[in-house]
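Spelled out, the chains give:
6 protein chains.
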Amino acid sequence: MTTHRMGEMTTLEIADTVPSQPIVLLPAGAFEQHGPGLPMATDLIRAERVCAQVADLAGGRALIGPSIPVGVSPHHLAFAGTMSLSTTTFAAVVRDYLLSLHRHGFRRVLVVTGHGGNNAALTTVAQDLLVELPDLELAWTPLTTLARTEVAALDPSEVHGHSGEAETAQMLTLAPELVRTDLLEPGTTTLDQFDPVSRVARTHGQPTLTLPYDRLSKNGVLGDPRRVTPEDGEAIVQAIVQRITTFIQDWDTA
Amino acid sequence: MTTHRMGEMTTLEIADTVPSQPIVLLPAGAFEQHGPGLPMATDLIRAERVCAQVADLAGGRALIGPSIPVGVSPHHLAFAGTMSLSTTTFAAVVRDYLLSLHRHGFRRVLVVTGHGGNNAALTTVAQDLLVELPDLELAWTPLTTLARTEVAALDPSEVHGHSGEAETAQMLTLAPELVRTDLLEPGTTTLDQFDPVSRVARTHGQPTLTLPYDRLSKNGVLGDPRRVTPEDGEAIVQAIVQRITTFIQDWDTA
Amino acid sequence: MTTHRMGEMTTLEIADTVPSQPIVLLPAGAFEQHGPGLPMATDLIRAERVCAQVADLAGGRALIGPSIPVGVSPHHLAFAGTMSLSTTTFAAVVRDYLLSLHRHGFRRVLVVTGHGGNNAALTTVAQDLLVELPDLELAWTPLTTLARTEVAALDPSEVHGHSGEAETAQMLTLAPELVRTDLLEPGTTTLDQFDPVSRVARTHGQPTLTLPYDRLSKNGVLGDPRRVTPEDGEAIVQAIVQRITTFIQDWDTA
Amino acid sequence: MTTHRMGEMTTLEIADTVPSQPIVLLPAGAFEQHGPGLPMATDLIRAERVCAQVADLAGGRALIGPSIPVGVSPHHLAFAGTMSLSTTTFAAVVRDYLLSLHRHGFRRVLVVTGHGGNNAALTTVAQDLLVELPDLELAWTPLTTLARTEVAALDPSEVHGHSGEAETAQMLTLAPELVRTDLLEPGTTTLDQFDPVSRVARTHGQPTLTLPYDRLSKNGVLGDPRRVTPEDGEAIVQAIVQRITTFIQDWDTA
Amino acid sequence: MTTHRMGEMTTLEIADTVPSQPIVLLPAGAFEQHGPGLPMATDLIRAERVCAQVADLAGGRALIGPSIPVGVSPHHLAFAGTMSLSTTTFAAVVRDYLLSLHRHGFRRVLVVTGHGGNNAALTTVAQDLLVELPDLELAWTPLTTLARTEVAALDPSEVHGHSGEAETAQMLTLAPELVRTDLLEPGTTTLDQFDPVSRVARTHGQPTLTLPYDRLSKNGVLGDPRRVTPEDGEAIVQAIVQRITTFIQDWDTA
Amino acid sequence: MTTHRMGEMTTLEIADTVPSQPIVLLPAGAFEQHGPGLPMATDLIRAERVCAQVADLAGGRALIGPSIPVGVSPHHLAFAGTMSLSTTTFAAVVRDYLLSLHRHGFRRVLVVTGHGGNNAALTTVAQDLLVELPDLELAWTPLTTLARTEVAALDPSEVHGHSGEAETAQMLTLAPELVRTDLLEPGTTTLDQFDPVSRVARTHGQPTLTLPYDRLSKNGVLGDPRRVTPEDGEAIVQAIVQRITTFIQDWDTA
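Chains A, B, C, D, E and F, in that order, give the protein sequences.
Residues in the first sequence are numbered consecutively from 1, following the working numbering.
Residues in the second sequence are numbered consecutively from 1, following the working numbering.
Residues in the third sequence are numbered consecutively from 1, following the working numbering.
Residues in the fourth sequence are numbered consecutively from 1, following the working numbering.
Residues in the fifth sequence are numbered consecutively from 1, following the working numbering.
Residues in the sixth sequence are numbered consecutively from 1, following the working numbering.
One or more of the hints may lead you astray.
If you want the ones that stay clear, here's a sample from chain E, every Cβ over 12 Å from chain F, calculated [as the list claims (entries may be wrong)]:
| # | residue |
| --- | --- |
| 1 | 59 |
| 2 | 150 |
| 3 | 189 |
| 4 | 207 |
| 5 | 230 |
| 6 | 246 |
| 7 | 254 |
Stretch by stretch, here's where chain A covers chain F in the computed footprint (C-beta under 8 Å, at least three residues) [to be verified]:
| # | region |
| --- | --- |
| 8 | 72 to 81 |
| 9 | 138 to 148 |
| 10 | 202 to 213 |
These are calculated hints, taken from the structure and not from any lab test.
Heads up, the beta-carbon is just placed ideally off N, CA and C, and yes, glycines get one too.
Extracted from the complex, chain A is given alone in its bound form (with noise of 0.2 Å):
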């Protein structure tokens, strides 16, 4: 067997891999709206196929366990079919996902999150984690937010973000069959569209105000996801898949 997903493997086959210590990577979803054109799973589907790419790229030295298919949406509740958990039990989840993997021997784990709604959760499981169990070294990552650089070659909306340029170009490398390229409408681009909190929320970034998306935008969309082609999105998954094979190799060997 060549494949490096747990679920795939037997328990003799996950045993033989303890003592190498490979890293454990845990994809982690949103089930959301995104906008009239991208599908509810966007952000999981985009987080597994990362770690797909990653897990090739690393040579064995990077196992990828069970998925966490719904986040932490609250945010998004007010668009049909947007399922969230509490910040509770989602992170309820990540640490009875850590508590089962320590068990095992395994010692470094990192979580790949499609959705930005899930960071806060991540970090304060890692936090308590310091005390519960020292000796695991959990790392958790964004996926869009690593190519800074090359979103910006794209020249974005004003106002951009959430089943805007960035995530629909991912979408259309990585999963283009899902995509409704026909219903792709822009949503929110430019600030004078917000309403005035919105907009106070918007320009500020710190200190951080908590809106819903549908005060937002309302089509959940912001900035304009007609804007953008496979190859933008292709670029982009490149530049995080890059990173985070990167970081793995450097924990790898530290």
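Please arrange chains B, C, D, E and F on chain A, whose structure you already have, making use of the hints.
What follows is chains B, C, D, E and F alone, placed relative to chain A:
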């Protein structure tokens, strides 16, 4: 789009389905040892693939929501790679899924669990939600026990169950690419192979005495998985799919 | 002192029993409607009196610990007086009882529940304690399902169950002073008396669809409690007591 | 039926009482060491039997709900057989009882605790429910401290309390069949028998320093239980019953 | 540095104190209405300033740890500005403080609460930690009840208590700059001013009936705060400081 | 009264402010090691003093609520005196503060945290409250990262951060009486001083690898605190105060 997978649908497509009140299927698995020949994700794979067949037969009356890849598997934790949620975490995940679906207007959900270890926690969720969401109708089902006749027709070992005849047969038809047929080997197959306490537990049935699987079987298998064919599995799977589909039709027209 | 009730023993007397490792029985009930003729504490009364008979037969190998008078009864809350613990609270109570017993050196506990609504929460406790207290052996049992043959011999109504033939019969022999025989009346006795969804739930069995009892029966009764005698109940009770006693003997000598 | 015990009533009988708003009494005990002469269930027995006398005197204005047999007893866990709920579990049980009663229309509940270790958790429940159930009136009471005058009249030891003069006296009148009079023996009776820290705790009173009972007394007893008679106990019990009954009458007519 | 405030010390200075095992004082307050003349932080201010005087007298044997500014005040939530922790949150805060101190080697902690509403939750923490941290000695104390004699010497109103004579007097000496002497006004001062249920609660004492303060007093005051002087307050404060200091000396030398 | 501190106001004064909807500032700190020269309460002191300056500038549009003196500091627990709340406890405290303020009619709250370890838990609270209190607008802000330009102008060490140049400078202007200038000493100042794993964590930034501070620095310091002056600190503090004040004005007029 003709997919029934909510994860592949857009928020607008899901919104369109709500008025007709389709039943939402939630596939739940386990990430646990399945002996030397079956993969860790066996239970999730079976649940997801059965759901796919059911949704196809249901003609739009059933949607498939996000999966729950890791279940309640403390009894398998002695075997490498097994990951388990506590019963509390598992119940919280299911509850959060249901609260989200309910918020969007869905009122009928069927959890399809490939893993019997989830049954109790699913029941506790159903009990607590009778008070909290009285207008939600929540059903759940295991797989193999829906096909008692077909399993009996296999004339299985005196002791059979986890990773044994019935489960292996299902995998041989649903995911043959993941079965290491050459590595399949029998586990505990007769009552006299048990230690005395395990024998008490297995001969009585009730009272129910919960024991870990490393006590019940050296290799994690109950029964002899070498004795079955893909055709055996197909008979079991078709019985399961038919039973669930009939249930959905009856429920839907009630 | 020859009592087997720990509540009537002193701390020194209990200390004396620990080295010989008796099995501790914990009677669990419900505090819920039992139709117009049976009292709220029916399930606790049956559990406690069965435990008393079992302990007498076990000749010192079984002690009776404190009761759990209120169980998991959300499905009966529409009927006046029903009291219910959430599944979480019920599990916490059982867990705290077990942690205390384990601390004193007891390693085998059997929860005897007169109420089927407690089964799932008992299972979740057993699952979680496999990790937390691996050297504790925890068993649990319901009552009536231990006497399937004897119940079938009553030739009960097409629909029967809660407060019906089998349960009333048990009360007629165990606590006749609390049965209002003149007020006993049939509840739902045939499938065609159900509303359509209840009929789906009852005819299928699995998938399991949890419904509240005010939907299943106007007076809270399933079956016809007028058709049974104390002798019917005595046959059921003796079958139950015998099954549990045999289990204890087998366990104790394993 | 003239019983005031809700557990012996039917759902219809309880429904009949709601419009007249009787006060519900909930007896709470402990399952803990009471020295070499008193049984583990001493506190529950006293609470239940006091409630029975109060309900008889209250002429239908008080009903007796289900008991709470195990209380908050971490300070006695060093003595064999003691079982304890965490304060969180105990509070959850009381809260669930109250939510159920409130749902049926009861608005006044009095918890009668035979065990002082439950006092704090009862207070926390009362505090939290001020917000959650503002129209519920919740009272609670211990037993022995209601009879200060009668206890002082016993001229008890310099150090007295748990399993000592006052408690033993109550048991001699309420449950003489469970008192091992021949085994009663004094515990710590004077301040100079304490270790220095225990002496600080006992002489100051406030600040309150919580210590386990195995530090306060070798045999778990404070005081000399041999010095009292059933008549002493009857004086105490009657004072307690009278105080509670008067409270109920005043409350009921307020 | 001669400060006893841990917050003003460095980590190295604190490390130096551990071997000599000083007692750590934790001041706990409330953030709640105190009538028209006293500030919201009254209870915290009194606790902190009493701790400062005690630490000065203790000559290095007592350190002052971080405060708990908000306490358990659900009974005051009808009055603007009152902030309250649930009993569970308050207990979690105290527990986390104690776990941290224990980790560094401190074994004796005294919580000084200016607010009686915290007493019960403090007791529950002390009870639960008997099991979890058996080598920690945890004490707690309220303020005003330590000076019963001095309060009685004020000849207070028939009804007195919250924001009344004793509390106002303390503020007049501890924080006169925060007392609006011109706005002080009497609240409920006699039993006949209560509504009937409040009168039952106040006349009985035990059983304890918990009522919100908007039911007990229109302006949130019990007693007449206009009748006291800074000298009255100084007598009370000195009695409190002396009682706590003596306790600390006795404990420290035990 | 012209104070903006709610703790120094009376309930009536607070009630008067509600109709005009001022923004409530909540200062949050940490109680953790700050190297050999800075006090444990450094983060709280900075947060409180910044809030005071902001409230002065806000001209009544901002009130200061109660502080949170202890934050999320598990990464500093190896250093004596550090106290930490779990992320769950910290979130519960913030949530309870917010529920109380919301109950009184406040709808805009800004948490000002002097400690970056609180950021994630603050975000989780904001996420969960989107569902629970949808009409509450919750913002939070750290301090030092609001003054990136001013910090860069210090030309800090290659490695700098906790207790380093920027933080020490702030304390030199805000609380010089608490800085042991003679004891200030550099900690880790260059990447090559790190152990290999710490170096990976610090050079990558993202993925984020959480490590305890005793691994990052022997004395708990990152950077060289000796290189800064009170004037440096004043520049940083004024930038922070200005940024927050502008945010409040923008929000208030949105």
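Going down the list of hints, with the structure as the test:
1. 59: Its Cβ never comes within 12 Å of chain F, the nearest being 20 Å, so this holds.
2. 150: Label holds. Min Cβ-Cβ 26 Å, cutoff 12 Å.
3. 189: Per Cβ check, residue 189 of chain E is outside 12 Å of chain F; nearest 19 Å; holds.
4. 207: Holds: least Cβ distance 29 Å, greater than 12 Å.
5. 230: Non-interface label on residue 230 of chain E holds, nearest chain F Cβ at 19 Å vs cutoff 12 Å.
6. 246: holds (27 Å)
7. 254: holds (25 Å)
8. 72 to 81: holds (count 4)
9. 138 to 148: holds (count 7)
10. 202 to 213: holds (count 9)
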